[in-house]
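Chemist: From just these sequences and the hints, can you work out the full model?
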Amino acid sequence: MFGKVEKYPALTLVFVAAIFLVYGYATSLPKITDFMIFCIFVVAFDLLYGHMGQLSFGHMLYLGAGAYGCSMFAYHIHPDPFLSILAGLVVGALLAALLGLVVVKTSQAAFALLNLALNEVGAYLVLSPWHKWTGGEDGLSLFFSSYGFINFKDSAFRFYFCLGSLLLVVYLVLRLVRSPYGNLLRAIKENEVRVEFLGYNTYLYKYITFIISGTIAALAGALTSINLSYCNTSLIAPTRNVEVIFAALMGGAGSLIGAVLGGTAFMTISNYLAVYLIRWEMFLGFALLIFVFWIRKGIWGYVRKV
Amino acid sequence: MTNFVQSILFGLTIGGILYIISIGLSLTFGAMGIVNFAHGLIYAVGAYAVYTVATLLGAGFIAGALAALAVSIPLSYAIERFVIRKLYGQSIDYAIIATYAILLIGADSLKWIYGASPLPIIDPIGRLWTFGSLAMPVFRLVIIGLSVLIFFGLSLFFKKTLVGKIVVAGLQDREAVRSLGIRVERHFAIVFVLGSALAALGGVLYAPLSTLNPYMGFEILILCFAVVIVGGMGNLTGTAVAAYSLGLVHSLTAAYIASSAADAMVYVVMAAVLVFRPIEA
Chain S
332 MFGKVEKYPA LTLVFVAAIF LVYGYATSLP KITDFMIFCI FVVAFDLLYG
382 HMGQLSFGHM LYLGAGAYGC SMFAYHIHPD PFLSILAGLV VGALLAALLG
432 LVVVKTSQAA FALLNLALNE VGAYLVLSPW HKWTGGEDGL SLFFSSYGFI
482 NFKDSAFRFY FCLGSLLLVV YLVLRLVRSP YGNLLRAIKE NEVRVEFLGY
532 NTYLYKYITF IISGTIAALA GALTSINLSY CNTSLIAPTR NVEVIFAALM
582 GGAGSLIGAV LGGTAFMTIS NYLAVYLIRW EMFLGFALLI FVFWIRKGIW
632 GYVRKV
Chain L
2 MTNFVQSILF GLTIGGILYI ISIGLSLTFG AMGIVNFAHG LIYAVGAYAV
52 YTVATLLGAG FIAGALAALA VSIPLSYAIE RFVIRKLYGQ SIDYAIIATY
102 AILLIGADSL KWIYGASPLP IIDPIGRLWT FGSLAMPVFR LVIIGLSVLI
152 FFGLSLFFKK TLVGKIVVAG LQDREAVRSL GIRVERHFAI VFVLGSALAA
202 LGGVLYAPLS TLNPYMGFEI LILCFAVVIV GGMGNLTGTA VAAYSLGLVH
252 SLTAAYIASS AADAMVYVVM AAVLVFRPIE A
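Keeping their order, the protein sequence lines are chains S and L.
Here my numbering is used: the first residue of the first sequence is 332, the next is one more, and so on.
Here my numbering is used: the first residue of the second sequence is 2, the next is one more, and so on.
Bear in mind the hints are in silico, worked out from the structure with no lab data behind them.
Please note that the accuracy of each hint is not assured.
As the list claims (entries may be wrong) - Heads up, incomplete: computed chain S residues facing chain L, CB under 10 Å, no partners named: (1) D365; (2) Y380; (3) F388; (4) I626.
Quick caveat: nothing in here was measured; it's all calculated off a predicted structure.
All residues carry an ideal CB built from backbone N, CA and C; glycine is no exception.
Modeler: See below:
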């Protein structure tokens with residue numbers, strides 16, 4: 332039954348929207364807004380990990396680029412929310428395009444570690460040499476202008492705006508991975524050398540995917556800074572990479588619904604369980620081990636068979 | 002001039018420690034293709050062991066160092082036996098995630114036991130070597146000397162002993178060695194534990210130069226990955242050269258550019274190496 336859901340794009344979107352509408356109104360809209368933004372980030376990460384087969388250990392860099400691009404635009408130039416989001420996207424895309432030239436050439440362990448190292452450099456730049464513009468450790472507090480009902484101070488509006496963004500991202504990525512391009516990505520994941528022999532420029536495909544993934548991650552960053560109306564170094568912290576990896580693994584890598592489910596499940600655990608669980612990181616560590624050794628297909632891998 | 006010499010010596014100290022920690026990482030990486038984040042945990046455990054024995058119990062630094070080895074050897078054997086051995090030959094992502102999970106569990110345990118605030122360890126020698134206007138803690142000179150000794154010791158180990166030779170041969174071609182009827186994995190396990198003991202020693206030596214915190218393993222690890230990548234995975238001499246060079250880059254950046262830029266500069270070197278000499282791991 333569930334397996335059919337992801338066969339039809341419209342059904343997928345309805346499914347995702349239903350999850351968050353029910354969840355949002357059953358608990359609290361601002362909290363679930365956070366969850367949805369994180370899901371966008373997981374989708375971005377999973378495009379690289381689940382679909383292209385490359386584990387990035389530094390995707391927080393692109394989230395941070397989006398967050399800082401957006402907030403610095405709003406803080407220093409103009410507090411228009413849409414222009415700020417656009418600025419975040421542009422910064423994320425440009426950064427991914429620039430670093431991708433180097434990063435995409437590597438694979439496997441080197442890919443993971445290079446991303447981690449670049450994330451460290453990014454976090455350092457934001458914290459130290461650029462602290463006059465980024466606010467350093469204090470971060471930036473943001474105010475966005477509003478136009479009529481387009482008011483980002485209203486939590487219900489933020490909820491629907493982020494829900495719309497998430498659905499848009501899911502739809503676009505769904506179209507992408509269902510296209511011949513997506514097939515090629517999966518082929519690259521299986522055996523890159525063979526795809527190269529077929530005459531495809533695999534580097535180019537991986538590069539484009541990296542930019543797309545970085546841009547989506549930047550969208551998540553921009554939305555985070557708008558939702559929280561501040562931006563600080565926790566949005567670019569390299570140690571937080573484990574969260575998105577765990578979410579992708581928990582939901583089931585290589586599936587969009589899996590990414591959304593994993594993101595939601597992770598945020599639910601970290602928001603509700605972490606309050607009661609003092610040894611939260613230890614719990615996360617053991618859970619990671621369980622997923623690596625016994626539940627590699629993730630939640631969605633099992634549910635879709637039902 | 003004094004400043005410059007001092008920076009060079011400080012750089013060699015950091016380089017020596019990086020070498021001691023990285024060698025185990027480099028071997029596991031080169032031999033089994035496993036990125037072992039748990040290595041950082043062993044390093045932190047070494048540092049905390051010396052803190053417990055030397056500072057809390059007051060039994061002296063040497064006793065602390067021995068305690069660090071006594072704790073880290075069984076711990077690293079358990080990690081090898083129950084986690085890493087199960088991941089040989091599988092996608093490298095699972096090894097990264099699983100060993101990171103161990104690092105996370107370990108760091109949280111350390112936080113549980115010792116608290117999150119940074120803990121200092123007093124310099125065990127506590128004397129300065131002065132030469133003109135140059136003042137250098139003797140302990141740092143000991144570290145440099147020790148790292149050089151370990152380098153020669155390991156070179157001998159890999160050239161002269163049977164285990165060492167098997168491991169070096171296994172680094173070149175694991176299948177060929179296995180087809181001779183030698184259980185390569187078992188020999189790698191021995192070297193894995195040896196490398197971990199050295200990581201714990203690195204923690205012991207670094208603790209008096211800095212402060213302890215539960216996440217110290219994660220912080221040093223990225224520097225060590227830079228050493229491994231710059232030096233070439235499983236390349237013993239390369240690791241040493243890379244460690245000392247990156248140590249010098251680190252201390253010269255700290256002295257002449259900004260102390261906060263030192264780590265970032267090391268990563269930039271690592272990125273540059275990956276651009277010009279990409280590795281396939």
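Chemist: Each hint needs a verdict: does it hold in this structure or not?
Modeler: To see whether the hints hold, each was checked on the structure:
Taking 10 Å as the C-beta cut-off, the interface hint given for D365 of chain S is violated, the closest approach to chain L being about 22 Å. At a threshold of 10 Å, the smallest CB-CB gap from Y380 of chain S to chain L is about 7 Å, leaving the interface hint in force. Because the closest C-beta pair between F388 of chain S and chain L is about 7 Å apart, less than 10 Å, the hint holds. Contact between I626 of chain S and chain L, as hinted, is not supported at the beta carbon level, the nearest pair being about 12 Å apart and thus beyond 10 Å.
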